[in-house]
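A.B. asks: Protein chains in written order, with my numbering: chain S, -7 to 248; chain U, 242 to 572.
Note that these hints are calculated values from the structure, not bench results.
Be a bit skeptical, because a hint or two may be false.
Stated by the list, open to error - Just some of the chain U residues that point at chain S, by a computed CB distance under 7 Å: (1) Gln380; (2) Lys382; (3) Ala384; (4) Ser388; (5) Arg433; (6) Gly529; (7) Thr532; (8) Val552; (9) Glu566.
Claimed, not checked - DSS-like cross-link-like pairs, simulated, lysine-lysine; straight-line CA separation at most 25 Å: (10) S:Lys225 x U:Lys528; (11) U:Lys366 x U:Lys333; (12) U:Lys538 x S:Lys5.
Glycine included, every Cβ here is placed at the ideal spot set by N, Cα and C.
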Amino acid sequence: MKILVCIKQVPQKDAPLRLNPEGTWIRDDVSWETNEPDAYALEEALRQKEKHGGEVAVITAGPARSQQVLREALAKGADRAIHLEDDRFAQMDAANTARALAAAIEGENFDLIVTGLQSDDFGAAQTGVLLAEILGIPHATIIIGIEKTDSGLKLKRELEAGHYQHIEMTMPAVLTIQSGINKLRYASLIGIKQAKMKPMRKVAWAEVEGKLSKNVQRIEKLYVPGSQKKTRKIEGPAGEAAKQVVEYLKNEARVL
Amino acid sequence: MADLILVVAEQREGKLNRVSFETIAAAQLIAKETGWAVEVVLPGSGVAALAQELAAKAVGKVYALEAEALAAYTSDAYVYALKAFISEKQPKLVLFPHTYQVRDFAPRLALALDRTLISDATGYKYENGSLRFTRQMFQGKFAADVSFGGDAPWMATVQIGAFRADHSGDQTASGAAAVENVTAAVANTPARVTPHEVFQEAKQTVDLSQAEVIVAVGRGIKEQKNMPLAENLAAALGGEVAASRPICDNGWLPLERQIGSSGQTVAPKLYIALGVSGAIQHIVGMKGARTIVAINKDPEAPIFEIADVAVVGDLFQVVPALTEEVKKSRG
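Isolated chain U, as found in the complex:
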């Protein structure tokens, strides 16, 4: 067992995603406490240039794990290649960014290695030689400290936005790590999955990432006929209306106005959440907002944990009153 943290970075269509760098930042923090080394592996095909980009971070080494079979993602090929790679390197800890792709293959990879994966970690604790990860449960109503019951390699995925990638201080420190090209192991069995091109449904007609004010609606709005409450407030503020996933699933707003992991990521000056409980999948799309006002009747709604202003009350009364006050204030 090597005293090593291995970060599995992710690229799609020739681009590294931001959360891969956040995962490296998490590894660097853990390394500081444990004294373990940090290395990065990037699976794919023709990813040498991207591996160089990763090598500019303060890490020990970057592996470009390459095979034609890894050009287009399939869980089978990723599990096969990474299982062989991890078995050989024997790291203490393997960290992944908590992306849709990782969700697809990492649990299976962990079990194939006869190990376990703690998913969607927001933090960690290292005490008396034992590593625990913090993750949200019950839709963010509780946090849990979770420990590994078995042997290393321990494995965990890191939630988007939980660690800052471009922080000052030593975890940002850039370096010049060596890049090693490794030929990935490929199964000689017929493929069970055939991936096709990634696509977007329709041209987006609204770019919420540019909106300065967003009024977002959650389940608390109850019925479609109540949507004008939010629309009126948004109009009074000169902002855009958006929603959490269930609202768009119901067809009360188009999908392009959905905020969260499967929708848009926004960082407006003002975000007003109406009846949004604050499940993780929504929070990751909006916690970068400068000022967050949440209105919810449940005083324990997780959204209040990230709110600047928490209005505990009935949105059906508060929102019309707020709309009037905003109109007065803006003249």
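If we strip away everything but chain S, and leave its shape as in the complex, we get:
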């Protein structure tokens, strides 16, 4: 199978985020990492290749720093990378991101395209689905099991509240992957070494610009949400804090 994994670089989970002066986006000076659901998508692609043979390519769209997530994927075992490299790729709406990805892989004919079910930054959960629409191929979301069959794919979809559903689907297809579908591997030392030799194709803004439309979603304002409750804040030494919590639970919440 010829598989493409779409990966996004997002701020590290524990990174303290600060707003830019305009209050429209975060400041760029944070630590970055691979979007976690995308890491599960990559792992699944590598496992499918190990079972059925073929190739795993990885793609991302973002500034120079985002090359790091491609390097990591190559170190884990991906065969080659495609980097849509430009600062302008970072804040596009999901449809334009999908258009840019589609333009960059024109003529490639992947059997399977996988990506995480959503990103930890925007969290729109749309790019994978929109990529399928642009490519004119079927898709399925929140996938927690993939089995290749003679005629296509047998998939396990997660539904709400502990329910699941099996579906069968023709290939080529786009799947968005749920975290926990597999156990992630670490890159080996030899993998990290080999990654440096693997092909990395750069795609410039000008090469895909003609396929993009105007962004039809605009972030007018980004802000820290206010507390939805009257929250009592407790700080200080653990013993003191514990006493205050128990007092609250006893005397005010009356749950003890």
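Fit chain U to the known structure of chain S by using the hints.
C.D. replies: Below, chain U alone, put in the same frame as chain S:
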């Protein structure tokens, strides 16, 4: 373009879900400010009775959009049928409940209509004739006001629990709307997706929805060997242990103890969150808890926004101390 808000309601196996009613409530609130009408469409097969149930709400009209191809959900059939329906009705705004099913088809439907979808809205603002939706970003650390750059129909999905469905006041007001049966458009191309039955994995051995006290663990617990911290606190309180998704993905607790959109929804008297950051997917499963205590070292953790008590500190020190205090207090 009609001055109309169209709500796409969802049913599964003969039942309407609660968030469909919440989405109607959101539409009614927006309608009050804009003066637009509210109508509801329910796609499916044999859904006339469910459409009647929706018609009991204060809405203008309910459409039962029916075809055999819509009996079992597939994104292809839903996109095809709704694309035709929306193109014909030309509403200003289309609202969907933010369910797994909607996540699966609505982005594609929006693009097929050459429109855009703002997903997972928690609120809206209508100012000077322009509609914005509020949604969470960066795992709930920030909220964003998002506007539409293109033409109507504008489309958005509504987060579970963001609007109250059975509130008193006029958005609850019930009515008696007409139900119109509409034959859905069906593609005459071979199906690319074959859906099978919906199932549950194993019989649940614990019903967290009945628990009065829940101690939930998040990534902040760091290692499996630290899990007894939570177990001891839960035991001292006579409660159950639960977790956010990553903990169950790691296999540190069984999946049936996962709280959130893909797991259980709970509303205990007391919910203590240990090292849970408060991503939306977790919050939707527990924000109905009566008292929420959150312990987290990050003073900006989103969980604190819904907490009654926010303990900013190291859980590895606070939790053992808390367990001791609870034991003392309960004698």
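A.B. asks: Checking each numbered hint in turn, tell me which of them this model violates, lowest number first.
C.D. replies: Those not satisfied come down to hint 6.
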